Amino acid sequence: MKLTIRETTKADNETIYLIEKHAFGEVDEADLTEKLLAEPTAQPLLSLLAFDEDKPVGHILFTKAALTNHEQLLVMILGPLAVMPDYQKQGIGGQLIKEGLRLLQQKHVELVFVLGHIEYYPKHGFKPALPLDFQAPYPVEKGKEDAWMVQALKADFPIEDYARTVRCCDEFMRPEYWRE
Numbered sequence: 001m002k003l004t005i006r007e008t009t010k011a012d013n014e015t016i017y018l019i020e021k022h023a024f025g026e027v028d029e030a031d032l033t034e035k036l037l038a039e040p041t042a043q044p045l046l047s048l049l050a051f052d053e054d055k056p057v058g059h060i061l062f063t064k065a066a067l068t069n070h071e072q073l074l075v076m077i078l079g080p081l082a083v084m085p086d087y088q089k090q091g092i093g094g095q096l097i098k099e100g101l102r103l104l105q106q107k108h109v110e111l112v113f114v115l116g117h118i119e120y121y122p123k124h125g126f127k128p129a130l131p132l133d134f135q136a137p138y139p140v141e142k143g144k145e146d147a148w149m150v151q152a153l154k155a156d157f158p159i160e161d162y163a164r165t166v167r168c169c170d171e172f173m174r175p176e177y178w179r180e
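Numbering-wise, the sequence shown is residues 1 to 180 according to UniProt numbering.
Among these hints, one or two may not hold up.
Claimed, not checked - Mimicking DSSO-like on lysine-lysine, the simulated pairs with C-alpha atoms at most 30 Å apart in a straight line are:
#, residue 1, residue 2
1, Lys-127, Lys-35
2, Lys-154, Lys-89
3, Lys-154, Lys-21
4, Lys-10, Lys-21
5, Lys-55, Lys-107
6, Lys-142, Lys-55
7, Lys-98, Lys-21
8, Lys-123, Lys-107
Keep in mind that the hints were calculated from the coordinates and are not lab data.
Bear in mind the structure is a predicted one, so any value in this text is a computation, not a measurement.
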C-alpha cells in the first residue's frame with residue numbers, strides 16, 4: 001500500500017460522505033460530517049483524506065472548539081475519523097491522526113479533544129480529560145467517562161492551568177453526539 005494524505009477541498013465532499021457512510025455502516029456520521037464541513041462556527045477546521053494510490057480510503061476532521069474563560073487558546077475537536085472497511089486495522093487511522101496533529105501543531109493549536117474509543121486514542125497520545133477537569137459540552141455516559149480525552153500539542157503546555165468546559169461548534173453542541 002502506498003498511502004498519501006492531503007487536505008481536502010469542497011470538491012472532495014462527496015468522497016468524504018461515502019467514506020464516512022461505509023466506515024460506519026450508516027449515514028449518521030456521514031450526515032454529521034457534511035454538516036460540520038459547512039458549519040461556520042467549526043472554522044477554521046482541518047479535513048484530511050488518505051489515499052491508497054488513487055483510491056480514497058480514510059478521512060479525519062478536526063473542528064474549532066474553545067474553553068470557557070480561555071477563548072484565546074487554540075483548541076480543536078477530533079471527529080469523526082473514518083477508514084473504509086477493507087482498509088481498517090492497517091494503521092491508516094493512526095497515520096491520519098499523526099498527520100492531523102502535526103499540521104495543527106504547525107498552526108499553533110494547543111489542545112485537541114476527542115470523544116472516542118478508550119483503547120484506541122491513548123495509543124496516539126490522548127489521555128482522559130475528566131481527571132484533568134476538562135468537562136465535555138454534555139455529560140459523558142456513566143462508565144465511559146475516560147472516552148472524553150485530550151492531548152496537549154506542546155510538550156511544556158501547562159494543561160492543569162486551563163481546566164474548563166469545552167465549547168464546540170454549534171453543530172456538535174447537541175447531546176446526541178456525546179454518547180460513545
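These are the hints, each one checked on the structure:
no., hint, result
1, Lys-127 <-> Lys-35, "holds (28 Å)"
2, Lys-154 <-> Lys-89, "holds (28 Å)"
3, Lys-154 <-> Lys-21, "violated (34 Å)"
4, Lys-10 <-> Lys-21, "holds (18 Å)"
5, Lys-55 <-> Lys-107, "holds (28 Å)"
6, Lys-142 <-> Lys-55, "violated (39 Å)"
7, Lys-98 <-> Lys-21, "holds (23 Å)"
8, Lys-123 <-> Lys-107, "holds (23 Å)"
Checked against the numbered hints above, the structure breaks hints 3, 6 and satisfies the rest.
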